[in-house]
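Asker: Listed below are the residues making up each chain.
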Amino acid sequence: MTTSLDVPSAAAATPTSLVGDFRESVADVWAHRELLVQLAKRDIKLRYKQSVMGFAWAILMPLMVVFAGLVVRLAMAYVGGQPLSSSAMGGVVVKALPWAFFVGAVGFASTTLVGNANLVSKVFFPREVLPLAALLTQSFDTLVGAAALALVIPLMGARLSFALLWIVPLSALFFLLTTAICLFLACSNLFFRDVKYLVQVFLTFGIFFTPVFFDASMLGQRWGPLLMLNPIAPLLEGFRVAVMRGHNLLYPLQIVEKGKLVELWIPGSLLWSTACALVGVLLATATFRRLQYLFAEYI
Amino acid sequence: MHTAKIVVENVWKKFHVGERHDSLRDLLPALVRGIAGRRADSTGLDKDAFWALRGVSFEVGPGQALGVIGHNGAGKSTLLKLVTRILRPTIGRVAVSGRAGALIEIAAGFHPDLTGRENVFLQGAMMGMPTADIRMRFDAIVDFAGVSEFIDTPIKRYSTGMSARLGFAIAVHLDPDVLVIDEVLSVGDMAFQERAFGRMRDIVRSGIPVVVVSHQLERITELCTEAVLLRRGEVVRAGTPAECVRAYVEGEVPAAQARSEHRLGRMVIHSFKAEGDGRVVSGHRALVRLAGRVDEGEAPPRRFDLAFRVRRMESGQTVYSSHSKLAGVVLERPGPFSFSVDLQMNVPAGLYSVESWVCDADRDAVLGDGPATHLQVEEGAPFGYNVQLNALMGLS
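Residue numbers (this note's numbering), protein chains in the order written: chain A, 1 to 299; chain B, 1001 to 1396.
Do not rely on the hints blindly, as some may be mistaken.
[As the list claims (entries may be wrong)] Selected chain A positions facing chain B (Cβ under 7 Å, derived; list incomplete):
no.: 1; residue: 34
no.: 2; residue: 35
no.: 3; residue: 38
no.: 4; residue: 46
no.: 5; residue: 119
no.: 6; residue: 123
no.: 7; residue: 124
no.: 8; residue: 125
no.: 9; residue: 293
No wet-lab data here; the hints were simulated from the structure.
Each residue gets a CB set at the ideal place from its N, CA and C atoms; glycine is no exception.
Build the full structure now, drawing on both the sequences and the hints.
Answerer: This is the structure:
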């Protein structure tokens, strides 16, 4: 091999800021929005094309999580010697749906780049589109599930109130946070196939560190706030408090239960989640942007 | 008027051989090594890295079509992937103004479970085409590909030719600003190839800059306005397609031929040539002569058998091989000889090499390679795809 040739020194990479990367990424994806829609459509079609139950799976998947949660809550109620209230059940249902979205999105999105290796190595388009399409597909499923949920939840004691409007910003934040995690995982799974297995472990154990089947307040004054450090936790609790209690999330919510003060909602925790989501998205897009030119080489 | 342009400026691309730490288990030792200070040497290459492209520069403007030729592994596909932004150069600059329609691999974006129609829209979107525009051109695409009856059938039920035709049709109908094509002029049957070629010519004429990689040298000469010849990642020749094709063909001939004499035991071969400059029309006969002598002496082998084969350069595939022994010709008497091989070139147009070697006629053992020459087969009457060379051999 000839190595005696004059090799010029590597061109200096153009320094870009995190925000610059993010802006570029958004512009590129926006320019390819039709591809995003086409890919999501493809995934939705394919996901149910050869399955017997078809679209019923969109409702069944979160339903499974709900049932698991209800079983856990029933067991807890039985051990604690208290009957399980329907509003407690409602709380589980409200939180199970976003959690099912999270699990599904992370599971699907983290393998999208590797799963579409032929596209990544042969066709150029902003690669963010692949994990984002998986997120959209999962969102579609979740919306179907949410429609079903809207029918059931009033029976469990949800009230119609202005607090329900909180669902919109909470969903947006939840989507943003999931996007950040998905982009990061999709890209790292391309370089290290171990990530796929780590994700499974992370999702399996995640349920213990996320208040889905239980409420953060049940852990008491000491451990409850610690659990809220999980950026997903405040969002899930926010969904529950807003939907089941009709509470405006700008104000704290404390109740007295068995003579003890229980903090059901701390507004500051939402700030923490917001910060995590924003920083997460910036970091994830920047990582993705900077590495995407290596994708075709390493896949 | 088109103003799109492809600029490739002193582009270098480094690749690594084999898998790079695909799992964390491999990464950790590599990191430790990196920290311990085992750096790349002064040339900027690790021991398992190589330059796939070395200082490649060219420009393709409106109305120009650049043909890229070279051996397998010369860096042609890497170059196209850089132009289409799938890869980024290690050093240097690639600038493409406008949307690049790329056919790196035709039908790469097709999903087998989706119908032809769904795939047209998906593929179009992948090339950055608005859905409305695809809808407008949909009928033209389907007509061009000739798959209208099957457009609502999943692609997995298509034949290879059908999906390749559809892929080609999409790419050339989406009005790219620049077009990059890798080895796709040979898809489909003869009729489709003609249509595809015609379409390509129209695209070049309309002023869209085009970069074509193909082993079909005669297509390059017909279609392109300029060419570059790549060898081991370097541009060894840039100029008119005819010049580059000639340089490629000359460089192709194995080094063995450069020697004036081949000595294999008592046999000496001093020339191996095709008559008429090595050009022949498909379906016609080509005469190749081998001249040499058998020296006096007792050294084995006693009897020689001359063997030769015809290989298609484009694919490296051997299309014919035979032995003089089969034609009843065995060389044993000392003295000069002239051996002729008369080939019925019933093969598709292209560049072929004719290679010779010598065997021991008694033990059927190969003694060694003899010289080689080449034949440029030009388009002639259709020959019905029966590759048939029916050599007539004899001493003359």
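Asker: All hints, please: hold or fail.
Answerer: For each hint, the structure was consulted:
no., hint, in the structure
1, 34, "holds (5 Å)"
2, 35, "holds (4 Å)"
3, 38, "holds (4 Å)"
4, 46, "holds (6 Å)"
5, 119, "holds (6 Å)"
6, 123, "holds (5 Å)"
7, 124, "holds (5 Å)"
8, 125, "holds (6 Å)"
9, 293, "holds (4 Å)"
Violated hints for the displayed structure: none, as all numbered hints are satisfied.
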